[in-house]
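So the protein lines, in turn, are chains A and B.
Residue numbers for the first sequence follow numbering that gives the first Met the number 0, beginning at 0 and rising by one.
Residue numbers for the second sequence follow numbering that gives the first Met the number 0, beginning at 0 and rising by one.
Mixed in with the good hints there might be a few duds.
From the derived model, a few chain B residues whose C-beta atoms are all more than 10 Å from chain A [stated by the list, open to error]:
no.	residue
1	F38
2	P61
3	G69
4	D165
5	A195
6	S254
7	H283
8	D285
9	G325
10	P327
11	A330
Here are the simulated distance ranges between beta carbons [stated by the list, open to error]:
no.	chain 1	residue 1	chain 2	residue 2	range
12	A	R199	B	K252	53 to 61 Å
13	A	T44	B	A34	57 to 65 Å
14	B	E243	A	D27	52 to 60 Å
15	B	L304	A	E62	32 to 40 Å
16	A	V181	B	Y282	21 to 29 Å
17	B	E224	A	D244	41 to 49 Å
18	B	K252	A	V298	29 to 37 Å
19	A	V298	B	L307	42 to 50 Å
20	B	F300	A	A154	53 to 61 Å
21	B	A196	A	R30	54 to 62 Å
Hint data in this document are derived by calculation from the structure and do not stem from the laboratory.
Just so it is clear, CB atoms sit at the ideal spot from N, CA and C, and this is done for glycine as well.
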Amino acid sequence: MPHEVRMPQLGMVQDSGVIVAWLKRNGDPVRAGDPVFEVETDKATMEVEAAADGYLSGVTAAEGDDVPVGGLIAMIVEDEGDVEAAGTGASVAEPVPAPGAHAASRPDPGPERQETPALAERAMPEPVAAGRVLASPKARRLATERGIDLHLLRAQGIAEPIHVADLDAAIAVGGNSALSAVVDPTDFDELLDRSRTADRTRLLASFAAGAWRATFDASSVSVAIRGLDGSLEIVANPDRGGVGDPESPVLTLVDLCGTRIHRYASARDGLTLCVARSAAGYDLLLAFAEARLPLSNAVALVENIAARIENPLLQLL
Amino acid sequence: MTREITLSQAVNEAIAEEMRRDETVLLIGEDVAEAGTPFKVLSGLVEEFGTERVIDTPIAEPGFMGIAVGAAMTGSRPIVDLMFGDFLYLVMDQLCNQAAKTHYMSGGKLNVPLVLRTNLGATRRSAAQHSQSLHALVAHIPGLKLAMPSSAYEAKGLLKAAVRDDNPVVIFEDKLMYQDKAPVPEEEYVLALGEAAILREGSEVTLIGTSSMRQVCERAAEILEGDGIGAEVVDPRTLVPLDERTILGSVRKTSRAIVVDEGHQNFGVTAEIAARISEKAFYHLDAPVIRMGAMDVPVPFSPALEDLTVPTAEGVAANARAIVRGVPVHAP
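Hey, can you work out the whole structure from these sequences and the hints?
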């Protein structure tokens, strides 16, 4: 059985340790009791011994790295053939794609605090590769509601356990993929004509929310409305009269009808639905990242929104 | 109008006001008359109300507790003074088997409107038998209410509510806080049993602190503010009944909670509150609920060791920082 090598707790109040030197290299044979690396705490420098016989594998912390107590830094595997290259196990040595997300979504903790969370996050103990993704209960719930696949986040290298901030980061990464659809405008135009008070953008937001709710079985759905002047408004449950507190929006709506522009998807907005009007009808365009919103979910969402515009009665049902 | 008075003065005022208001209220315990207790909380009461209503007893806790339970059943409203919370073990039968169950077992025919005032808190260099915080023992028994005042203001308002309650109510004051001052209204007020207070608002972590641990949480919140972390501080005020609505509402908002209490951590108050949060706000939690109780050892006599057994503001802040930043406090 592979044996984990973690940063030990050597002092009562120690929360991390600096790796001063590796005494074994990746792939070296080790015997239980062999000193493997040297660690410096605030009080002393000590050698840490191997707890099992085998081969040092998947070393992820470099000399000079400050690793939190409990952080996984290498494995000891039984067979030489199982040795993984350095830097391939836990994501300590290589920054994960979204490590800055925590800092970005929170108030600036000040210069002296900058380093700690980043180090702590990338040195998170790595769980087994397959099976259940470790996530906080709230993150798991929101992922379901937003149609985010936690396995895909893991595949992206986001450290587990996944927290809400990681989902926000995933949303903020935005979309490189795009799906577009053209929708027959007749019924929707008629609805707008008939009602003097109907606001097209609000109606589109409510259709998008209704489609999201139906597709992902979400209970609370906030939609951001981005204007071409840069304005951003977050509406809670637009399909239910705007009742409730606005939360992190599931998607951003850009209503481009009445302009010549047919696409504006800002990187900061993440999942974005653009609605433009052409001679053919309403042009829907969903900008999304397949790592966060799998293609099948994106298709289901666009189909549902399109169906609602084509037949607004669906929204009432 | 408010003025600053000590917790000791607040308790004294509450008892005097209730004894003036209701002549069935009486005070009983060791050194409650001329001595006014070792903490001088009751000074002046025997002079005003006389030895018929301020009753000094021998050193016999089970005896005077039993007398008080009987008096409560038959029309008096006794306030029992138990000099140290550690002596709770001596009155467990009178409190838990008699006072707590009489209303139930008499089919509602008898009430036990009794108040047991006692104390908790370590770091007074009083060693293991005079430093315990045993309120969890009381909270475990159905039929007893439990109040945990966190300053002079709560001490007065909760004690007056306890005297007026028709059930046995146990109040634990922190013996290190008797000389701490807080603003207290001059005019009369009574606090409801079962209403928590949000003392500071924040959006990233809820710190729930009972008794003097409220101050620890408030200091931790100040430290966290310096780190750019917004902490909300909630004082439950009473543990039975427990204001779940306020606690859960706060945790749903912040997604994270740390529960701090000076009782032993194992099987204690922190465990109960943490469990309720985990059960009832599970889908709102972005981090495990952290318990911070007193270390599970007899309270040491050595000052250096004693100080290590009690949660500190720095410790609370360190845990809060970790869970807000998504760093597991316990390895997953």
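Structure-based check of each hint:
1. F38: Correct as stated: the minimum Cβ-Cβ distance to chain A is 34 Å, above 10 Å.
2. P61: With a cut-off of 10 Å, P61/B remains clear of chain A, as the shortest Cβ separation is near 42 Å.
3. G69: With a cut-off of 10 Å, G69/B remains clear of chain A, as the shortest Cβ separation is near 50 Å.
4. D165: Consistent with the label, D165/B stays out of reach of chain A, its closest Cβ about 40 Å off (over 10 Å).
5. A195: Since the minimum Cβ distance to chain A is about 21 Å, A195/B lies beyond 10 Å and the statement holds.
6. S254: The assertion about S254/B is violated, with a minimum of 5 Å to chain A.
7. H283: With a cut-off of 10 Å, H283/B comes too close to chain A, as the shortest Cβ separation is near 5 Å.
8. D285: Contrary to the label, D285/B does not stay out of reach of chain A, its closest Cβ about 4 Å off (not over 10 Å).
9. G325: Nearest chain A Cβ is 4 Å from G325/B, so the label is violated.
10. P327: violated, 7 Å
11. A330: violated, 5 Å
12. R199/A - K252/B: 53 to 61 Å: The hinted range 53 to 61 Å is violated for R199/A and K252/B, with Cβ atoms some 34 Å apart.
13. T44/A - A34/B: 57 to 65 Å: holds, 58 Å
14. E243/B - D27/A: 52 to 60 Å: holds, 56 Å
15. L304/B - E62/A: 32 to 40 Å: holds, 38 Å
16. V181/A - Y282/B: 21 to 29 Å: Check failed, 39 Å falls outside 21 to 29 Å.
17. E224/B - D244/A: 41 to 49 Å: This hint is violated: roughly 24 Å between Cβ atoms.
18. K252/B - V298/A: 29 to 37 Å: Holds: the Cβ-Cβ distance is about 36 Å, inside 29 to 37 Å.
19. V298/A - L307/B: 42 to 50 Å: violated, 59 Å
20. F300/B - A154/A: 53 to 61 Å: holds, 56 Å
21. A196/B - R30/A: 54 to 62 Å: The hint (54 to 62 Å, Cβ to Cβ) holds, given that A196/B and R30/A are roughly 60 Å apart.
The earlier numbered hints that this structure contradicts are 6, 7, 8, 9, 10, 11, 12, 16, 17, 19.
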